[in-house]
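Novice: Line by line, the protein sequences give chains A and B.
At position 52 of the first sequence (counting the first as 1) the number is 52 in our numbering, and the numbers step up by one without a gap.
At position 9 of the second sequence (counting the first as 1) the number is 9 in our numbering, and the numbers step up by one without a gap.
It is possible that part of the hints are untrue.
To be verified - DSS-like cross-link-like pairs, simulated, lysine-lysine; straight-line CA separation at most 27 angstroms:
1) LYS23/A - LYS190/B
2) LYS190/B - LYS33/A
3) LYS219/B - LYS31/A
4) LYS33/A - LYS94/A
5) LYS23/A - LYS45/A
6) LYS31/A - LYS45/A
7) LYS42/A - LYS31/A
8) LYS219/B - LYS190/B
I should point out that these hints are in silico values taken from the structure, not numbers from a laboratory.
As the structure is a prediction and not an experimental result, all values here were calculated from the model.
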Amino acid sequence: MSANPLVGLSADVAAVLGHEDRKQEQAEMPKWKRNQVRRDAKRLKVTVDFTGNEQLQERVYELADREHTGLSSMVMWLLWLGLERVLREGLTPKKRIARSLQHSYDVVIEGVGDAGR
Amino acid sequence: MKKHVAVCAFVNQKGGVGKTTSSVTVAHLWAMEGRRVLIIDLDAQGNVADCLGLEKIGDLNRLLIGEVGTAAIRESGRDGLSVVLGDKTTARTRQILSGDPFGVYKLREVLEGLAGGFDAVVLDVAPGADILQLAALVACTAFVIPVSLEHLALVGVREALESVASLRKLDAFRGGFAGVLPTMLDRRIKGNLERLRMLAETFGRQVAPPIPTDATVGKAQASGKTLVEFDARCPALVGVELNGNGRRTGGYEVAARWLAGEVGL
């Protein structure tokens, strides 16, 4: 195994060089492989739909603004916190029978409404 | 116990690498975090005054030659940030110090007399190897080398390190090498990234977060405002997004925090 040349650099320098290395690596891949990597990358992205949850949207936007951070970073961080809590406490108290045929339950957040349609 | 004052010199024997922009921006960011910061312009061009929208005055000459001491220090109009400005009389200061066998120690003596009044002193050093650059290296507790990734400024890094090596032989240098600050990074240009990689391979973790190239820098200077005052969200300050995930990389805000850690602030 070859040593990672980016180890031991400040995080920002490693980020710039690592990003460039990944771009270079992709440029050298055959087309089918490059497309596969793009498809896989798309699967890692989730769109958060705030429709019907204006209060939640407003609070997340406000928080991101106040903390001078990007919206995606903020959502990611909240997701991580939420995940830890759900793994600890379970989701049962927040569940309500769904009317949809596709999902058995909706998740309800107090004061905000349905989040898991 | 005597209070630790970080004296940080921005040095590169090559001009146009972002020494003045870096020293003014870092000094202002440190001051905004509640520190008392003094910036000293050791360049006869007096560009620190331009960057801060102040009139060019020969404060440096008064500080080092005129025996007025602290009276040469003036307020910059920004909380916590004081200045010793330079102008064409700086060239005369250089001549006088060159003729003095102990001229190289003059700045250190003066700064030791000021100790206690400031948490940090930032020295903006003129390009070229002269007595003022040596005096800055003798006076500093740490030095940083801004390097433009736009052109071949890496030669200046070697020259600055050679100056330090010769001072070490004379036992005159007491400071440490804080690191290299890559400036004017344009990720679209392959040569820029190659130079950054070369710096990373040579200096490892002593390469500061890089500063992206940004037209705002020139506009801020022309208007006599610091980058923070001109556009607090500009890429040179807050860095750039690499992956569209909201996380920003590089920029003076993280570089100033990184440097504060390196100089013991």
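Novice: State for each hint whether it applies.
Specialist: Hint check results:
1. LYS23/A - LYS190/B: Holds. LYS23/A to LYS190/B sits at ~12 angstroms (cutoff 27 angstroms).
2. LYS190/B - LYS33/A: Cα-Cα ~24 angstroms, so holds.
3. LYS219/B - LYS31/A: Not satisfied, since the Cα-Cα distance of roughly 43 angstroms exceeds 27 angstroms.
4. LYS33/A - LYS94/A: violated (42 angstroms)
5. LYS23/A - LYS45/A: holds (18 angstroms)
6. LYS31/A - LYS45/A: It holds: about 22 angstroms lies between the C-alpha atoms, which stays within 27 angstroms.
7. LYS42/A - LYS31/A: holds (17 angstroms)
8. LYS219/B - LYS190/B: holds (26 angstroms)
Hint compliance for this structure: hints 3, 4 are not met, and every other hint is.
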